[in-house]
Amino acid sequence: MQLTGAEIVIRCLQEEKVEHVFGYPGGSVLFIYDEFFKQDQIKHILVRHEQGAVHAADAYSRSSNKIGVCMVTSGPGVTNAVTGIATAYMDSIPMVVLTGQVPTAYIGQDAFQEADTVGITRPCVKHNFLVKDVRDLAATIKKAFYLAKTGRPGPVLVDIPKDITAQKCEFQYPKTISMRSYNPVVKGHAGQIKKALQILLEAKRPIIYTGGGVILSDSADKLTKLTRALEFPITQTLMGLGGYPATDRQFLGMLGMHGTYEANMAMQHADVVLAIGARFDDRVIGNPNHFCQVARKIIHIDIDPSSISKRVKVDVPIVGNVPDVLDEMLKQLDAAEAKPDSKALAAWWKEIEGWRSRNCLKYKQGKEVITPQYVVQKLYEVTGGDAFITSDVGQHQMFAAQFYKFDKPRRWINSGGLGTMGFGLPAAMGTRFANPKSPVACVTGEGSIQMCIQELSTCKQYRLPIKIINLNNGYLGMVRQWQEMFHGNRYSESYVDALPDFVKLAEAYGHVGMRIEKPADVEPALREAFTKHKSDLVFMDFIIDPKANVFPMVAAGKGLSEMILAEDL
Amino acid sequence: MRHIISILIENESGALSRVSGLFSARGYNIESLTVAPTEDASLSRMTIVSIGSDDIIEQITKQLNKLIDIVKVVDLSEAAHIERELVLVKVRATGKDREEMKRVADIFRGRIIDVTESSYVIELTGNTAKVDAFLDAIDRSLILETVRTGVCGIGRGDRILRV
Numbered sequence: 030m031q032l033t034g035a036e037i038v039i040r041c042l043q044e045e046k047v048e049h050v051f052g053y054p055g056g057s058v059l060f061i062y063d064e065f066f067k068q069d070q071i072k073h074i075l076v077r078h079e080q081g082a083v084h085a086a087d088a089y090s091r092s093s094n095k096i097g098v099c100m101v102t103s104g105p106g107v108t109n110a111v112t113g114i115a116t117a118y119m120d121s122i123p124m125v126v127l128t129g130q131v132p133t134a135y136i137g138q139d140a141f142q143e144a145d146t147v148g149i150t151r152p153c154v155k156h157n158f159l160v161k162d163v164r165d166l167a168a169t170i171k172k173a174f175y176l177a178k179t180g181r182p183g184p185v186l187v188d189i190p191k192d193i194t195a196q197k198c199e200f201q202y203p204k205t206i207s208m209r210s211y212n213p214v215v216k217g218h219a220g221q222i223k224k225a226l227q228i229l230l231e232a233k234r235p236i237i238y239t240g241g242g243v244i245l246s247d248s249a250d251k252l253t254k255l256t257r258a259l260e261f262p263i264t265q266t267l268m269g270l271g272g273y274p275a276t277d278r279q280f281l282g283m284l285g286m287h288g289t290y291e292a293n294m295a296m297q298h299a300d301v302v303l304a305i306g307a308r309f310d311d312r313v314i315g316n317p318n319h320f321c322q323v324a325r326k327i328i329h330i331d332i333d334p335s336s337i338s339k340r341v342k343v344d345v346p347i348v349g350n351v352p353d354v355l356d357e358m359l360k361q362l363d364a365a366e367a368k369p370d371s372k373a374l375a376a377w378w379k380e381i382e383g384w385r386s387r388n389c390l391k392y393k394q395g396k397e398v399i400t401p402q403y404v405v406q407k408l409y410e411v412t413g414g415d416a417f418i419t420s421d422v423g424q425h426q427m428f429a430a431q432f433y434k435f436d437k438p439r440r441w442i443n444s445g446g447l448g449t450m451g452f453g454l455p456a457a458m459g460t461r462f463a464n465p466k467s468p469v470a471c472v473t474g475e476g477s478i479q480m481c482i483q484e485l486s487t488c489k490q491y492r493l494p495i496k497i498i499n500l501n502n503g504y505l506g507m508v509r510q511w512q513e514m515f516h517g518n519r520y521s522e523s524y525v526d527a528l529p530d531f532v533k534l535a536e537a538y539g540h541v542g543m544r545i546e547k548p549a550d551v552e553p554a555l556r557e558a559f560t561k562h563k564s565d566l567v568f569m570d571f572i573i574d575p576k577a578n579v580f581p582m583v584a585a586g587k588g589l590s591e592m593i594l595a596e597d598l
Numbered sequence: 361m362r363h364i365i366s367i368l369i370e371n372e373s374g375a376l377s378r379v380s381g382l383f384s385a386r387g388y389n390i391e392s393l394t395v396a397p398t399e400d401a402s403l404s405r406m407t408i409v410s411i412g413s414d415d416i417i418e419q420i421t422k423q424l425n426k427l428i429d430i431v432k433v434v435d436l437s438e439a440a441h442i443e444r445e446l447v448l449v450k451v452r453a454t455g456k457d458r459e460e461m462k463r464v465a466d467i468f469r470g471r472i473i474d475v476t477e478s479s480y481v482i483e484l485t486g487n488t489a490k491v492d493a494f495l496d497a498i499d500r501s502l503i504l505e506t507v508r509t510g511v512c513g514i515g516r517g518d519r520i521l522r523v
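Residue numbers (our numbering), protein chains in the order written: chain A, 30 to 598; chain B, 361 to 523.
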């Protein structure tokens, strides 16, 4: 059957079982939007800014294992989307971005709303395509979905000129895709896995360190099984939280710049590190030279060979899909005669418990001023630890990561790699669409929330009962913290004067607003928001201690064990 | 160390910019880069000369392999290989310099491929060291223009790079 390019786009999305497309219409995508109008299988979610569409699609992916899809028009539609695309790329989030382009004959003519989309987005996508012939359209979209999800996942962009969406051709959706230039490894090398296991079983002071790869590959169960079988301590990166139950004794908390004392000390003093789907990021291991001072063996499982030995030299690299490698590892562990060295492990655990007893996350909640830690702690209790939590970027993000204990994967949605302020609210929207029955809270600050605040309007249109936990300290808190610690208390441009009345703002958008100023009101307000206002969006403006800082802290360029603790100050 | 990286890449528009963009984004250095289609018109062969430590070259090959359009990547300098580049030099050739130019070109097995009353264009192929030596051998003030293709290379004997 002959279909127009626009019809083909919709048919392809239907074939891929896409249920939601986040987007914003414009001149170049009018034919496609016309086709949206004529069908009701795919629901289009109209955002208020293209950045919101991309973050929402991104979080839709993060919080489910479906591929988020977004659509924007040419030129400014694309440039607005770039921040969102780069955010997804840095965290390896599978996503398909469909962009309109000016008609083929106009490309290169500086046409109205023309931008070199493929050129602009090239460094922040896994791959991108410009469709030049309507007969290539279906296969290109198929490739986009295939590339986004397989191997190391990532955003894939398809740029579609307007004339292509009007031209007709025979539609046939390819069932499979094979690309000679793209064959990601799945199974890990059995010999390497055997070697790794031998090292693990001989380890005296081992640690398991995992990242976003475990979440993205849905391997939390397998990781938990392996960790329990080995009885090793485990720590996770910001992106890895939820990959192992945070309430379990073997979990040492997050590591890195704002990681726990026990996690960072254990990482620094371990003799064997098993890294899984993590990339030894600068915020995670600090200075790689300090990290390598203690003699140790590093085993690294990752689907992306270029992540291995990039910042830290690895002894046993295992390239493969994490669940496949873990399966093989569990199988070999079952069959192995050797067992973990329980005597050495007992001594190691004793040392770790000593570090843990420092209770590095302790804080004092007085009667007058609300501390941010207390709010997150209460949020955790009120939601029973089972909500989806999105966050923006800054102090509140770290407090959320430290104090909300994630027992399940895909519950913690934040921009770890790019660190994009403005991510939280649109991410909460995408999360809610992917999980329409679950409570969703966005932990944010008065700085971040204002970067995509227009999405409150989208939330009203689609009746999204998100709970916004605004930790309002009047400062760009993380900037202020660094200025306090490293720039002689010169708070250059980090104080945000003239903040809006967030309660009235929420009400203006048709939502419920609350201002909470007393510690005693924190829990009752949260309970009210999650019960009485279960089906409303509640903007909770918590006026918190303007001086609160995030500890422990490893200053940039320092080694992991050189932590500043709250008690040191 | 200097490495010669050979790449087979899908012959599609934008493929070159994916490679050059990768090098600039990650701060890798490019000494020279050549590219042209192969006997299979759907593939291009690219030769990149880069200088870097072993760690960096390892990262370069891994990052190149990650590009979706790239079919194969080989570090030619890891084993026996041949490398050549072509240079075209336009020189002033008048008076006694005219005879001298011809002689130097002959010594380096260059060929004069364009002649006017006052100039020659000399064509010469060889590895980078030979081309450099040739250019050094000519009086610099007589060189009017030079064009170098950059290095292309191929493995010796059974080392074959193809799909």
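Just so you know, these hints were derived from the structure itself, not from any lab.
Ideal placement from N, C-alpha and C gives every residue a C-beta, glycine not left out.
Mixed in with the good hints, there may be bad ones.
To be verified - Distance windows between CB atoms, simulated:
no., chain 1, residue 1, chain 2, residue 2, range
1, B, PRO397, A, PRO152, 20 to 30 Å
2, A, ALA585, B, MET361, 26 to 36 Å
3, B, ASN389, A, ALA585, 25 to 35 Å
4, A, ASP344, B, THR398, 55 to 65 Å
5, A, ALA585, B, SER392, 51 to 61 Å
6, B, ASN389, A, ARG340, 17 to 27 Å
7, B, LEU504, A, PRO203, 51 to 61 Å
8, A, PRO213, B, ASN389, 27 to 37 Å
So, going through the hints one by one against the coordinates:
1. PRO397(B) and PRO152(A) have their C-beta atoms about 26 Å apart, which keeps the hinted 20 to 30 Å range intact.
2. The hint said 26 to 36 Å for the Cβ distance between ALA585(A) and MET361(B), and at roughly 31 Å that hint holds.
3. Take ASN389(B) and ALA585(A): their Cβ atoms lie about 26 Å apart, and the range 25 to 35 Å holds.
4. Checked against the hint of 55 to 65 Å, the pair ASP344(A) and THR398(B) fails, with Cβ atoms roughly 39 Å apart.
5. Range check, ALA585(A) to SER392(B): Cβ separation about 37 Å, and the 51 to 61 Å hint is violated.
6. For ASN389(B) and ARG340(A), the Cβ-Cβ distance of about 20 Å falls inside the hinted range of 17 to 27 Å, so the restraint holds.
7. Look at LEU504(B) against PRO203(A): about 56 Å separates their beta carbons, and that is inside 51 to 61 Å.
8. For PRO213(A) and ASN389(B), the hinted distance range of 27 to 37 Å is satisfied, since their beta carbons lie about 28 Å from each other.
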